[in-house]
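Colleague: Let the sequences and hints guide you as you build the complete structure.
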Amino acid sequence: MIPKIIVFAILAGFSTLIFRMILSHRPFRLAGGWAQIIVSSLSGIALWIVLVLLSHSTTPISGAEKWDMLSGVLIHLCAFWCNYWISNLAGGFRVLMAINLADQTRPITLEEWMAAFGGLGMDVFLRDRMKSILIPWKIVSVHDNKMILLPGWGMFFGRLMAILEIMLYSMRSL
Amino acid sequence: MAVLSYLIGALGFVVYALLFMFLLRLRLRLGWFLLELVLGVLVHALTSALGLFWITGFSYWYNLSLYAFLWFCFFFVSSIYSVSVTLGIIRYLYDKPNHSASLEEIYEYCIEAPFKERAEFLVNTGQAQKMDRCYVSTIAGKQTVQRMRRINKMLGMEISGFYTPLKGDLED
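Order-wise, the sequence lines are chains A and B. Just so we're aligned, residue 1 is where the first sequence starts under my numbering, counting upward by one. Just so we're aligned, residue 175 is where the second sequence starts under my numbering, counting upward by one.
One or more of the hints may lead you astray.
What the hints assert, rightly or not - The list that follows gives simulated cross-link-like pairs (lysine-lysine, DSS-like), each with its CA atoms no further than 27 Å apart:
no.	chain 1	residue 1	chain 2	residue 2
1	A	146	A	131
2	B	290	B	270
3	B	270	A	146
4	A	131	B	270
5	A	131	B	290
6	B	270	A	138
7	B	304	B	290
8	A	146	B	290
9	B	316	B	327
10	B	316	B	304
11	B	316	B	290
12	A	4	A	66
Stated by the list, open to error - Just the calculated beta-carbon pair ranges, DEER-fashion:
no.	chain 1	residue 1	chain 2	residue 2	range
13	A	61	B	316	47 to 55 Å
14	B	184	A	165	23 to 31 Å
15	B	223	A	106	53 to 61 Å
16	B	270	A	106	34 to 42 Å
17	A	7	B	282	53 to 61 Å
18	B	247	A	169	13 to 21 Å
19	B	205	A	109	25 to 33 Å
20	B	184	A	25	38 to 46 Å
21	A	152	B	188	51 to 59 Å
22	A	165	B	188	17 to 25 Å
23	A	85	B	201	19 to 27 Å
24	B	295	A	115	18 to 26 Å
25	A	136	B	211	18 to 26 Å
It is worth saying that the hints were derived from the structure and are not from the lab. It should be emphasised that the depicted structure is a prediction, and the values quoted were computed from it without experimental measurement. The C-beta atom is built at its ideal place from N, Cα and C for all residues, glycine as well.
Modeller: The following block contains the structure:
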């Protein structure tokens, strides 16, 4: 038999996807995918806590049930990942490439495909990565048309990639 | 017994991670996504069966919740490592002697090359067709796009591939 606290965690965890759908449409629409994921996850946790409190209105949570609570928290963290992955699956680089190609009325060359990427092209894509992540996060600096990896965060991520390469080397070819 | 149940979940994950890294080196025909999924389920089934058999009072749910959480974390790190263009730029710079490269070089090796690689992937998986030097979306490709658009609509997502919401800033 599944402990009640865990059943509530599974139900509330799955409900985060419904919360996400509500938060992504009017009149409750929240701007930004991350805000939607975080608020829907927090709503799921709040629902879970309410359900647990209602089921324990007369009896306190026992020592053994504290382990169920820990399991519930882990289930909510899994629900958060699921929410994140659904967004990522439908909005990734490869999906966008497929969408851009499907939108074309005639066969296109690789150069035209790259120019069509996201409606702005791959040149702008590189600048977007520089302006949105690499430069503001102080990972790289750009001088005289040269990109330089900065000490601190730049070298940290560089070393992290080197470690991951040892662990997962064949997963990435480029 | 609760601690032991969680411990089995953690141990199961360690076994999974080590097996995954080993199997990657064998370069199986199975894609890494399927490998993570199949291996994840198999190792979990095996460790859970062992737990249920050997430990009295073993809680499957404690074991599952910790294992699933660790699996998701591992999946996040490995997939980001495998597909992120931004991390690709960092890796490329890290491998360079002075940790620097010209923007043209970065574009060629970290933007153009991964784009070509993904284009080939779409061709190999039947979502795109290459005719001479041109590419065209196949029926399967269009169906996938329709499915993705449906998910995006359901989640109210507008995908652009760009982080900066003010695209105009980037066009300058």
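Colleague: Hint by hint, say whether it matches the structure.
Modeller: How the hints compare with the structure:
no.: 1; hint: A:146 with A:131; in the structure: holds (15 Å)
no.: 2; hint: B:290 with B:270; in the structure: holds (22 Å)
no.: 3; hint: B:270 with A:146; in the structure: holds (12 Å)
no.: 4; hint: A:131 with B:270; in the structure: holds (22 Å)
no.: 5; hint: A:131 with B:290; in the structure: holds (24 Å)
no.: 6; hint: B:270 with A:138; in the structure: holds (18 Å)
no.: 7; hint: B:304 with B:290; in the structure: holds (12 Å)
no.: 8; hint: A:146 with B:290; in the structure: holds (23 Å)
no.: 9; hint: B:316 with B:327; in the structure: holds (16 Å)
no.: 10; hint: B:316 with B:304; in the structure: holds (15 Å)
no.: 11; hint: B:316 with B:290; in the structure: holds (20 Å)
no.: 12; hint: A:4 with A:66; in the structure: holds (12 Å)
no.: 13; hint: A:61 with B:316: 47 to 55 Å; in the structure: holds (53 Å)
no.: 14; hint: B:184 with A:165: 23 to 31 Å; in the structure: holds (25 Å)
no.: 15; hint: B:223 with A:106: 53 to 61 Å; in the structure: holds (56 Å)
no.: 16; hint: B:270 with A:106: 34 to 42 Å; in the structure: holds (40 Å)
no.: 17; hint: A:7 with B:282: 53 to 61 Å; in the structure: holds (54 Å)
no.: 18; hint: B:247 with A:169: 13 to 21 Å; in the structure: holds (20 Å)
no.: 19; hint: B:205 with A:109: 25 to 33 Å; in the structure: holds (28 Å)
no.: 20; hint: B:184 with A:25: 38 to 46 Å; in the structure: holds (39 Å)
no.: 21; hint: A:152 with B:188: 51 to 59 Å; in the structure: violated (31 Å)
no.: 22; hint: A:165 with B:188: 17 to 25 Å; in the structure: holds (21 Å)
no.: 23; hint: A:85 with B:201: 19 to 27 Å; in the structure: holds (25 Å)
no.: 24; hint: B:295 with A:115: 18 to 26 Å; in the structure: holds (20 Å)
no.: 25; hint: A:136 with B:211: 18 to 26 Å; in the structure: violated (35 Å)
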